[in-house]
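Student: Listed below, chain by chain, are the residues.
There are 2 protein chains.
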Amino acid sequence: MAEKDWIARYLAPLAQGAGAAGLRDDVAQLDVSDPVAITTDAMVEGVHFLGTDPIDTVARKLVRTNVSDLLASGAEPAEALLVLGWPKGRGEAEIAAFAAALGDELAAWGAQLIGGDTVTSPGGLFLSLTLTGRCFKAGPVRRMGAKPGDLVWLTGTIGAAARAWQDHSRGIPSPFPGSSGADAYRLPVLPPLATAKLVAGHASAAMDVSDGLLIDAKTLAEASGVAMELDLDAVAFAGGETDLAEMLKLATWGDDYQTLFTAPENNSKLISREAKNSGIEITSIGKIVAGSGLSLERGGRNVNLPETLGFEHG
Amino acid sequence: MAEKDWIARYLAPLAQGAGAAGLRDDVAQLDVSDPVAITTDAMVEGVHFLGTDPIDTVARKLVRTNVSDLLASGAEPAEALLVLGWPKGRGEAEIAAFAAALGDELAAWGAQLIGGDTVTSPGGLFLSLTLTGRCFKAGPVRRMGAKPGDLVWLTGTIGAAARAWQDHSRGIPSPFPGSSGADAYRLPVLPPLATAKLVAGHASAAMDVSDGLLIDAKTLAEASGVAMELDLDAVAFAGGETDLAEMLKLATWGDDYQTLFTAPENNSKLISREAKNSGIEITSIGKIVAGSGLSLERGGRNVNLPETLGFEHG
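Residue numbers (this note's numbering), protein chains in the order written: chain E, 1339 to 1652; chain A, 1339 to 1652.
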């Protein structure tokens, strides 16, 4: 089947908005009624997923890695452009399953497909998604902006992906993808959509945790020109982990896709109440002080930083 | 060298706009002071370029294929997000040359880098660019909208890429990339930036010619629900070709990246004058009539359509 037939059959039905023009044109129009944030993330077979991974989880992960960036910037997902590098060996049933999962996942976040490009890949499958977001403020919340005296907040739990990968490696069966638990290494569990509004309303700085809590916390502190002190006991680790070595392993593994943000201490009650009302699990895990760098404590005592703070992009 | 160091050294200097925030964040902000058109095009080693092609021409072609889409939609290039799937085997000198050419080419079209993602490719190099454009009208000019009585216009010449490829295959040396002529198969020659304003001001429908003049003309006619009649003698073929078989070969080869548009006949004098004043080579090559499909004539006599009208995406 030719590219344009695949697009017409499987992808065009996902593109119902006026700006998409049914994917018939090379160019789409963005909705710019609110300030627009934009992000793009790519995934490559053999690097970000395995060739044997179910194609629907690949589609959902592609959407979620981009959504995670937007939520952490205080923006709600809006419009998507898909680049699909499709190997000849993958047949029509796979593209159908891919498109169905992509459309379902986009819709779950309030987004829709408006354009893209499909090409043949001589190697493995590769994909990228460009996702726009409607900002609740004049623009996206940045990594820079944390101030001494701010508290550090974190949504959800840290280490679900690490634990799921360990289970998988031991041959422990996975529950249904996305249900949390053992498939979290394959399919990130994100905080709810309402996180975008919470971040926009209160955060002085924010980013998503994708490379590991410690490395991302250090990145935010560096971007803001401040120091961050984290209390490991305050972090909600998967499975309620309390062993220090295990806590550090989970805090440096990555693939958590939770939102890390800072906010003035005065806002704390309001943040807790809004989060609770919106079904967002959230914890205050530390504070911002003058200086630079990241430090850890446990029970009021300093904990040495591990040598590797997270995933370093090679 | 780690991904973030490469980004900081070679790509961040290209990102000077406020919305880019120095490429330090996962999310960028779009300038939405005018209506925004958006397009994305991907290129894959071994499919859209050769592994031995100079890396600077790969960067420039990536930009130009996207710019071509925008010009034909009546929008001026504005902001770019780059996805780079970089093989481990390509070293730092190549990324430096790539970034320099990318920045130079974006600047030549008035655009700038605001974000992206770099990943490791286990296979060959792959790239995609998402490019936004400022619309001169309320939105992009579409493929649909051509009306019976409209004239058909085409910028530049058809067949430069085909002729350049033939020269290359015969071992005839190439002039400097981009200077036109023998490297046009590697590096598309686009109409000037002013084409965007001309299209926005006059076109009832438009698209770029990238898969071959005949197949793209048929696509525009189908999208608009009309028939198109083209006069082959009116088309400016590379090298002034007049042999019918050769003309048909050039008209179905593709990689021309010129703008095809339709406009009411009343506007013809204005279009010609504006094009001349803006340095846009332009020719009226046919007309729109009621009905469907594409027909060709030469010297007032019908010419049978060739079996293949252009490049069909596999």
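The set of hints was computed from the structure by calculation and includes no laboratory data.
Treat the hints with care, since some could be wrong.
Footprint (simulated), chain E over chain A, 3 or more residues, beta carbon under 8 Å [to be verified]:
1) 1370 to 1384
2) 1404 to 1414
3) 1428 to 1439
4) 1449 to 1459
5) 1464 to 1471
Anything over 12 Å on all C-beta distances counts as not near chain A; from chain E, calculated [as the list claims (entries may be wrong)]:
6) A1359
7) E1383
8) G1423
9) G1461
10) D1581
11) N1605
12) G1631
Subject to a maximum C-alpha distance of 30 Å in a straight line, what follows is the list of computed DSBU-like cross-link-like pairs (lysine-lysine) [to be verified]:
13) E:K1426 - E:K1587
14) A:K1475 - A:K1587
15) A:K1426 - A:K1475
16) A:K1426 - A:K1485
17) A:K1587 - E:K1426
18) E:K1535 - E:K1485
19) E:K1426 - A:K1426
20) E:K1587 - A:K1426
21) E:K1607 - E:K1625
22) E:K1475 - A:K1475
23) E:K1607 - E:K1535
24) E:K1475 - E:K1625
This one's a predicted model, so the numbers in the text were calculated from it and none came from an experiment.
Backbone N, C-alpha and C fix where the C-beta goes; we use that ideal spot for every residue, glycine too.
Student: Hints first: check each against the structure and report whether it holds.
Tutor: Against the structure, the hints come out as follows:
By the rule of at least three residues with a Cβ nearer than 8 Å to a Cβ of chain E, the coverage given for the region 1370 to 1384 of chain A holds, with 13 such residues. Coverage of the region 1404 to 1414 of chain A by chain E holds [criterion: at least 3 residues with CB-CB distance below 8 Å; count 5]. Given a C-beta distance limit of less than 8 Å, the hint that chain E covers the region 1428 to 1439 of chain A is violated, as 0 residues qualify and 3 are needed. With a threshold of 8 Å between beta carbons, the proposed coverage of the region 1449 to 1459 of chain A by chain E holds, since 8 of its residues qualify and at least three are required.
For the region 1464 to 1471 of chain A, the assignment as covered by chain E holds, since 5 residues bring a beta-carbon within under 8 Å of that chain's beta-carbons and 3 suffice. The beta carbon of A1359 of chain E sits about 6 Å from the closest Cβ of chain A, which is not more than 12 Å, so the claim that it is off the interface is violated. With a least CB separation of 8 Å from chain A, E1383 of chain E falls inside the 12 Å interface cut-off, contrary to its annotation. Listed as a non-interface residue, G1423 of chain E fails to keep its Cβ farther than 12 Å from every Cβ of chain A; the least gap is roughly 6 Å.
Separation of G1461 of chain E from chain A is inadequate, the least Cβ-Cβ distance of about 3 Å not exceeding the 12 Å criterion. No Cβ of chain A approaches the Cβ of D1581 of chain E within 12 Å, the least distance being about 30 Å, so the stated non-interface status holds. Every beta carbon of chain A lies more than 12 Å from that of N1605 of chain E, the smallest distance being close to 22 Å; the non-interface claim holds. Once the 12 Å rule is applied to beta carbons, G1631 of chain E is consistent with being away from chain A; the minimum gap is 17 Å.
Restraint check for K1426 of chain E and K1587 of chain E: not satisfied, since their Cα atoms lie roughly 39 Å apart, outside the 30 Å limit. Distance restraint check for K1475 of chain A and K1587 of chain A: the Cα-Cα separation of roughly 36 Å exceeds the 30 Å cut-off, and the hinted pair is therefore not satisfied. A hinted pair counts as satisfied when its Cα atoms are at most 30 Å apart, and K1426 of chain A with K1475 of chain A does not qualify at roughly 44 Å. For the suggested pair K1426 of chain A and K1485 of chain A, the alpha carbons sit about 52 Å apart, so the restraint of at most 30 Å is broken.
For a cut-off of 30 Å, the pair hint linking K1587 of chain A to K1426 of chain E stands: about 28 Å separates their Cα positions. Taken as a hint, the K1535 of chain E and K1485 of chain E pair is honoured in the structure, with Cα atoms around 21 Å apart against an allowance of 30 Å. Distance hint between K1426 of chain E and K1426 of chain A is fulfilled; the C-alpha atoms sit about 24 Å from each other, no more than 30 Å. Between the alpha carbons of K1587 of chain E and K1426 of chain A the distance comes to roughly 28 Å, so the proposed pair stays at or under 30 Å and holds.
Note on K1607 of chain E and K1625 of chain E: the hinted pairing holds, with a Cα-Cα distance of about 16 Å set against a maximum of 30 Å. Distance hint between K1475 of chain E and K1475 of chain A is fulfilled; the C-alpha atoms sit about 26 Å from each other, no more than 30 Å. Of the pairs offered as hints, the one joining K1607 of chain E and K1535 of chain E holds, with about 16 Å between alpha carbons and a cut-off of 30 Å not exceeded. With a C-alpha separation of about 24 Å, the suggested pairing of K1475 of chain E with K1625 of chain E holds against the 30 Å cut-off.
Violated hints, listed in ascending order, are 3, 6, 7, 8, 9, 13, 14, 15, 16; each of the other numbered hints is respected by the structure.
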